[in-house]
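Going down the list, the sequences are from chains V and C.
Everything in the first sequence is counted per the numbering used here, starting at 25 for the first residue and increasing by one.
Everything in the second sequence is counted per the numbering used here, starting at 115 for the first residue and increasing by one.
For the record, the hints were derived by calculation from the structure and aren't laboratory data.
Note that the structure is predicted; figures quoted are calculated from it, not measured.
Do not rely on the hints blindly, as some may be mistaken.
If we take Cβ atoms under 8 Å as the criterion, some of the chain V residues that face chain C in the derived model are [stated by the list, open to error]:
{"hint": "1", "residue": "G95"}
{"hint": "2", "residue": "I125"}
{"hint": "3", "residue": "K193"}
{"hint": "4", "residue": "K216"}
{"hint": "5", "residue": "M243"}
{"hint": "6", "residue": "Y320"}
{"hint": "7", "residue": "M321"}
{"hint": "8", "residue": "G322"}
{"hint": "9", "residue": "P327"}
{"hint": "10", "residue": "T329"}
{"hint": "11", "residue": "E544"}
We put the CB at the ideal spot given by N, CA and C, even for glycine.
Each chain, letter by letter, is given below.
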Amino acid sequence: MRGYAGKFSEIDLSSGDAKDVRFSEETLRLYLGGRGLATKILWDALGKRWEAVDPLGPENILTVLAGPLTGYYAGGRMCISGKSPLTLGIVGSTIAGEHSIDMRCAGYDGLIVKGRAEKPVYILVTDSRVEIRDASHVWGKDRIDTYRILTKEGLGLLEERSPGTREWKEPSILHIGPAGERMSRVTAVQTKWTHGAGYGGYGALMGSKNLKAVLFKGMGPLPDAWDMERPRELIWEVARKRFKSDSMRRWGTGSLGYDVGARLSSEPVRNWQEEWHDEKSFGVDRFEERVWIKRYMGDFGCPTTCLKLAFVRTGPYKGAISDNPDYEIQAYGGTNLGIFQPEDNVHICSVMEDLGFCGIQVGNVLGFAGELYQRGILTKEDLGFELNWGDTAAFTRLMRMIADREGIGDVLAEGTHRAAVKLGQMKGVDLTKYAIVAKGHGIGAHGIRSRLDYVEVVSYPCSVQGGDHTSPAQRDLRKGDSELTCMLQDSGVYCMFNHESDYIWDFLQAVTGWPITADEWYDNMALRILAIQRAVLLMGGPDITWKPVEDDDIPTRWYEPLPTGPYNGRVAESEELVEDRNKYFEDVGWDSRGIPKSSELRRLGLGDVERKLKSFFN
Amino acid sequence: MLAEEPIWIMRELQRCSGCRMCEIACSLHHEGRIWPEASRVRVFMFVPGVDFPHLCTQCHDYPCVEACPVEALSVDEETSAVIVDREKCTSCGACVTACPGRVPFLHPGDGKATICDLCGGDPECVKICQEGNWDVLRVVERTEEHSYKLYARRPGEVTEQLVKILFGERGEELI
């Protein structure tokens, strides 16, 4: 078997044991790695009693998986998964960095973490060795201190174990922040300054296991490819193609602050009450002039390097650091809160990351709170202070309350959907209409009302990852940004921005030796993973069960016309959603309620999923 | 293409994006596989965003060559690169500690001293760094006027300097 290290480490934090486990070639051939394999692992382990599994209980499983393309295909990533504390299904949530490379060079394709440690720990992965170590000295620490302390500690251990052989490179780190430790559902698994696996709320899952961090250092080569000559050529061919994508390299996704916000009218502004802002107000050029200190930044094997290192040198937010803000955080830590200054935006982003939040999820819930304040539903008495749009200090304060689970922050820490339900009960009014969510996920910063962005009316309602803008259902199943294509990227595991459809199948075959074609992927493999993800999403539990069709809907807000901008008046129509949703269900082999059909499940060899779904819906 | 004159790899460390494509190019060339820890150019990142490549600068006085007790290291007359005779090398690590920048390392596979050989005068790391327009590494003619040893600094020292250039006084809190 080629392209794989061949082994995984199964770690039981309750007992402190770690053992190597292997999957059959058939399993890997069907599910690849990352999101696909996580789906298989989680279904096999938890499927029978999925709806009863508490995502924040010791029974849940955290998977940290690479894929066969990780390190070969441009922009290697790691895929974090588990039963999602936000959607209650399975979310493949990926994060860039060298961790997945170090893990594979250490001889592992992934970690399967079970149980719950008695006290804070971190996991250290070195060549064919997995250790659980005390992390009480970094518990409660923000990203800067966590990184600083664990980097030094890791370097010390490496030198101690093999002295005088080299100047040691730092171990790669995945970690959580204080908000993750307190199991806020709007938290990410993080690395570097602003990298995060945010969707899914897996910061809370790590926190629930008392797992502060994972350190990786692998000294071996990347697992050999089936045909080494071919990837050697393909790596440079893909890189040369990416070099030509100048807008992404030059401006990063931050250019969308202009493109999406001003031109396409699909950027969240003041909790999505608007999706347009004046073109000069938040252009990426202002970020370049005022806060960028590095124009190109990236991670292992990335020819695009779309990140930008940002640092505030003067003013009240002096010292704020971000290796973005990318478009999403420009929107969710900026326009969605009525904030239009780069320095303020970098500060908000910096605090989000210090505390361990997912910028999209926490920005979504902050915007929700902002609108409740605007409407007089949340008051100064509820919050302890005023919360006006554009008030950076006030939103920062609220964010800290969420991290500390202080006062109203304790409710908001559960994420927008759950906060809307709970606050609605407290206030005696329906607040879900102000929640811009899908299946518990705050929706990514791409709206559908103007019809000009890449997402479609069905994208969020039909996605098995809910509001995840990096996994949108699209009517054309084979589109470059469709959920089934994203699933390949998340299972591969590599960066979606480097995806080149002309090269990917050659690449996959050259690395694994398996004759996987586009037809095989889109007609069989992807639909198999999708069916399991849909099945567990519908089972949900224990605190929420999503209703088929009824919950496969867009936020109420999107049925209101856009009030401003060049496309004002454009709106989502429910007839359009119903028509497209029915077609989508049909195309992926689901029935009219979106439940995977028995015949389709049997065709895909998922008899156990079929039986479970039958008993669940009867 | 081989350079007619000995070359030197000039470096602009603060431009480094951290993409590590130099490590991929180097290890594919020398090892036939992707092997970051065996790459002759290694990218360090003790502080996020403060990434930089670490590679041999070919000091005038070659302290690593001088330190080798078994004469396994020599200087290539055409390229001025340090060449390791892997048969002779005893993995003692004297070259590692003799280098002011601790650039050489013992290969994670066979334990032998490993040093940049300038790819015989046409370095792969530079090619990809140039093609990608990061422009951190660039080939120039090797002349007598440069103090090459200035570039043989340990990654910790380099980090301390770069972190302050990038983050000012805040930089001190990040190390």
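Please check whether K193 of chain V passes as an interface residue: C-beta within 8 Å of a C-beta belonging to chain C.
Check passed: Cβ of K193 of chain V comes within 6 Å of chain C, closer than 8 Å.
Regarding the hint that T329 of chain V lies at the interface with chain C, is the smallest CB-CB distance below 8 Å?
Interface hint status for T329 of chain V: holds (4 Å vs cutoff 8 Å).
Can we keep the M321 of chain V interface hint, with Cβ of chain C closer than 8 Å?
Constraint on M321 of chain V satisfied, holds at 5 Å.
Against chain C, is M243 of chain V within 8 Å by beta-carbon distance?
holds (4 Å)
For the restraint on K216 of chain V, tell me whether the closest CB of chain C is nearer than 8 Å.
Constraint on K216 of chain V satisfied, holds at 4 Å.
Evaluation of the interface hint that places E544 of chain V against chain C, nearest CB under 8 Å
The hint is violated - E544 of chain V has no Cβ within 8 Å of chain C, the shortest such distance being about 26 Å.
Using the nearest Cβ pair, does Y320 of chain V come within less than 8 Å of chain C?
Holds, because the Cβ-Cβ distance from Y320 of chain V to chain C comes to roughly 4 Å (cut-off 8 Å).
Interface hint check: I125 of chain V, Cβ to nearest Cβ on chain C, cutoff 8 Å. Holds or violated?
holds (6 Å)
G95 of chain V as chain C interface residue, shortest Cβ-Cβ below 8 Å:
holds (6 Å)
With chain C as the partner, please determine if G322 of chain V meets the hint condition of a C-beta pair closer than 8 Å.
holds (4 Å)
With a cut-off of 8 Å, does the beta carbon of P327 of chain V approach a beta carbon of chain C closely enough for the hint to hold?
holds (6 Å)
Going down the numbered hints, you'll see the structure goes against just number 11.
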